[in-house]
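Whole structure, please, built from the sequences with the hints as guidance.
Residue numbers (UniProt numbering), protein chains in the order written: chain A, 1 to 307; chain B, 1 to 321.
Careful, some of the hints might be misleading.
For lysine-lysine, the following PhoX-like pairs were computed, each having C-alpha atoms within a straight-line distance of at most 25 Å [unchecked claim]:
| no. | chain 1 | residue 1 | chain 2 | residue 2 |
| --- | --- | --- | --- | --- |
| 1 | A | Lys-31 | B | Lys-121 |
| 2 | B | Lys-29 | A | Lys-134 |
| 3 | B | Lys-223 | A | Lys-31 |
| 4 | A | Lys-35 | B | Lys-121 |
| 5 | A | Lys-134 | B | Lys-308 |
| 6 | A | Lys-29 | B | Lys-121 |
Label pairs and their calculated CB-CB ranges [unchecked claim]:
| no. | chain 1 | residue 1 | chain 2 | residue 2 | range |
| --- | --- | --- | --- | --- | --- |
| 7 | A | Ile-75 | B | Asp-282 | 43 to 53 Å |
| 8 | A | Ala-142 | B | Leu-209 | 31 to 41 Å |
| 9 | B | Val-221 | A | Gly-101 | 48 to 58 Å |
Quick caveat, the hints were computed from the structure, so don't treat them as lab data. For every residue, glycine included, the Cβ atom is placed at its ideal position computed from N, Cα and C.
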Amino acid sequence: MTSVLQKNVETPEHPDNLERSAELRREAKRKSLIKAAVFHVFVLAVAAVILYPALWMLMSSLKPSSEIVGNISLIPDNASFDNFVKALSGIGGVSFWTFFGNSLFLAVMSVVGVILSATITAYAFARIEFPGRKVWFSMMIATLLLPFHVVIIPQYIMFNELGLVNTFVPLLIGKFLAAEAFFVFLMVQFMRNLPRELDEAARIDGAGHVRIFRSIMLPLMKPPVMTASIFAFIWSWNDFFGPLLYLKKPDLFSLPVALRIYVDQTSVSDYGAQMAMAVLALVPVLLFFVIFQRFIVEGVSTQGLKG
Amino acid sequence: MTTVSLTAEATGNRTAPPTKGSQARRSRKAAETRAGYAFLTPWLLGFLLLTAGPMIASLYLAFTNYNLFSAPEWIGFDNFTRMFSDPQYIQSVKVTGLYVLIGTPIKLIAALAVAMLLNSKRRGQGAYRSIFYAPSLIGASVSIAIVWKAMFIDDGVVDQIGQVFGRDAGGWVGNPSMTMPMMILLTVWQFGAPMVIFLAGLKQVPNELYEAAEMDGAGPVRKFLRITLPMLSPVLFFNLLLETIHSFQIFGSAFIISGGTGGPAGSTLFYTLYLYRRGFVDFQMGYAAAMAWVLVLAVGIITFIFFKTSKSWVHYSGETK
Numbered sequence: 001m002t003s004v005l006q007k008n009v010e011t012p013e014h015p016d017n018l019e020r021s022a023e024l025r026r027e028a029k030r031k032s033l034i035k036a037a038v039f040h041v042f043v044l045a046v047a048a049v050i051l052y053p054a055l056w057m058l059m060s061s062l063k064p065s066s067e068i069v070g071n072i073s074l075i076p077d078n079a080s081f082d083n084f085v086k087a088l089s090g091i092g093g094v095s096f097w098t099f100f101g102n103s104l105f106l107a108v109m110s111v112v113g114v115i116l117s118a119t120i121t122a123y124a125f126a127r128i129e130f131p132g133r134k135v136w137f138s139m140m141i142a143t144l145l146l147p148f149h150v151v152i153i154p155q156y157i158m159f160n161e162l163g164l165v166n167t168f169v170p171l172l173i174g175k176f177l178a179a180e181a182f183f184v185f186l187m188v189q190f191m192r193n194l195p196r197e198l199d200e201a202a203r204i205d206g207a208g209h210v211r212i213f214r215s216i217m218l219p220l221m222k223p224p225v226m227t228a229s230i231f232a233f234i235w236s237w238n239d240f241f242g243p244l245l246y247l248k249k250p251d252l253f254s255l256p257v258a259l260r261i262y263v264d265q266t267s268v269s270d271y272g273a274q275m276a277m278a279v280l281a282l283v284p285v286l287l288f289f290v291i292f293q294r295f296i297v298e299g300v301s302t303q304g305l306k307g
Numbered sequence: 001m002t003t004v005s006l007t008a009e010a011t012g013n014r015t016a017p018p019t020k021g022s023q024a025r026r027s028r029k030a031a032e033t034r035a036g037y038a039f040l041t042p043w044l045l046g047f048l049l050l051t052a053g054p055m056i057a058s059l060y061l062a063f064t065n066y067n068l069f070s071a072p073e074w075i076g077f078d079n080f081t082r083m084f085s086d087p088q089y090i091q092s093v094k095v096t097g098l099y100v101l102i103g104t105p106i107k108l109i110a111a112l113a114v115a116m117l118l119n120s121k122r123r124g125q126g127a128y129r130s131i132f133y134a135p136s137l138i139g140a141s142v143s144i145a146i147v148w149k150a151m152f153i154d155d156g157v158v159d160q161i162g163q164v165f166g167r168d169a170g171g172w173v174g175n176p177s178m179t180m181p182m183m184i185l186l187t188v189w190q191f192g193a194p195m196v197i198f199l200a201g202l203k204q205v206p207n208e209l210y211e212a213a214e215m216d217g218a219g220p221v222r223k224f225l226r227i228t229l230p231m232l233s234p235v236l237f238f239n240l241l242l243e244t245i246h247s248f249q250i251f252g253s254a255f256i257i258s259g260g261t262g263g264p265a266g267s268t269l270f271y272t273l274y275l276y277r278r279g280f281v282d283f284q285m286g287y288a289a290a291m292a293w294v295l296v297l298a299v300g301i302i303t304f305i306f307f308k309t310s311k312s313w314v315h316y317s318g319e320t321k
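Rendered as structure tokens:
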């Protein structure tokens, strides 16, 4: 490419060269077009493979159970919503909407808890200078890589002793106490980059930390609050381990736990209803994704979030 | 802070006995400390009650026999020595090790390959990026585990595709030698999260470097080895550490696919699944706590090794050696 251009520059006035360079240019353009086409075909093929399982799930939910296993084709022969009707009727006398409501409650409260506690904690770490801050901060960072399995056994014993098994408390209390270091870290990073002059000016005007936090910091925190909200919601929605441990009564089940019971009960036969329920359980996550996808992808690339 | 101390210094004299200025400074400091701890209270409570306290408790439990119903009984290192003669434990270590060792590199290679593909300036990159990221968001859900199971079952979709290529695996879910490839495919499918992080890293590589290398006649392989990889090493390090630690903790999909048993023949008995079974099915809380501590130790050692060796292969720009 570069050598072609250089040749043009050398002797552009010669008519032979002019003709030749125009031809070369046309050639180069055609080549880049072919390259682009190859690129898109290739990437689309990869995308098709990646999307296949999700599409297969969606399409299978419209097929009768007998048509699902071993059916590679995405298009159902006779599409119907029978599976969804069955899935919505619930499990063991508990309506699907009860599970849905439980999951929704847990996810929304998780968002509220995470945002409240993580912003307050981050403000202390990023904007107030006090003895011990560095020590606490490094402890908070250390918990980032700590496998949570080391705390679940004593936590379970504790919540069991307190009679809090079969309540939502064990699943939510950590969110309100900023136990997920990741969210705190995300907000500290953001807050540190906000100009110091903001709070200094407010301080000269006599504002205390509560006011600075509420009136100056919080309004500026929209980007990390948004990112944290999306992920707190989706992670809570998809969480399986916590609800599996703490929720044993069917009317308290979150969707993932209900789904698991459903699969155990209908294991051999009813793939159709399983697929329909799996689809329904993913609807909020997929909606979030469609609405916030740019935000999510950008959040991941700047903060190194996990899926 | 700086403004306050500046005014304090301007009014007060350093060598003079306590003046109004330094008194104000001290009370200001005390107020800052109070405010700091007031704002930190929720996290401190959570840290002490949900992390530090339980960690100490689980360290104690690791040396006991405890079934949740009678008092813990001190047994010293028995839980730890028992692990070595527990075939299921050894199986869980093998399964998890294999999964981490094979799954993580493949996932990262896929992530890097697609990231490089999507790094060129072409139309539709944003849409592609979103599509490839989507599995990372839903991959750990029970829904996808169910789909995976249905796709890999005997005569399932994957089996039928295999038959086209003359390879009848007879269903991956029920075949102990095929469950690991199936689980690895599930994690590789979620390459989108590290891919997006790689993409962010690739954007930071200055184009001049490639242009200079081209002038020197470097081919694509050399450009990749000499420019892309070194410039990307901090991101690669970050992804490698995160994905490795993340892989160690796989639970939900293995639980759903094996119906909570870790079968067939223990082939999906991942470490955390076995820990769950010991602790919350068999109520051997002491043994499970000991297992959890071994996991913490393993993750700690791996993190330490990563950080130690990183000095030789991770290059931070602007760093002089």
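I'd like to know which numbered hints this structure contradicts. Please list them from smallest to largest.
none
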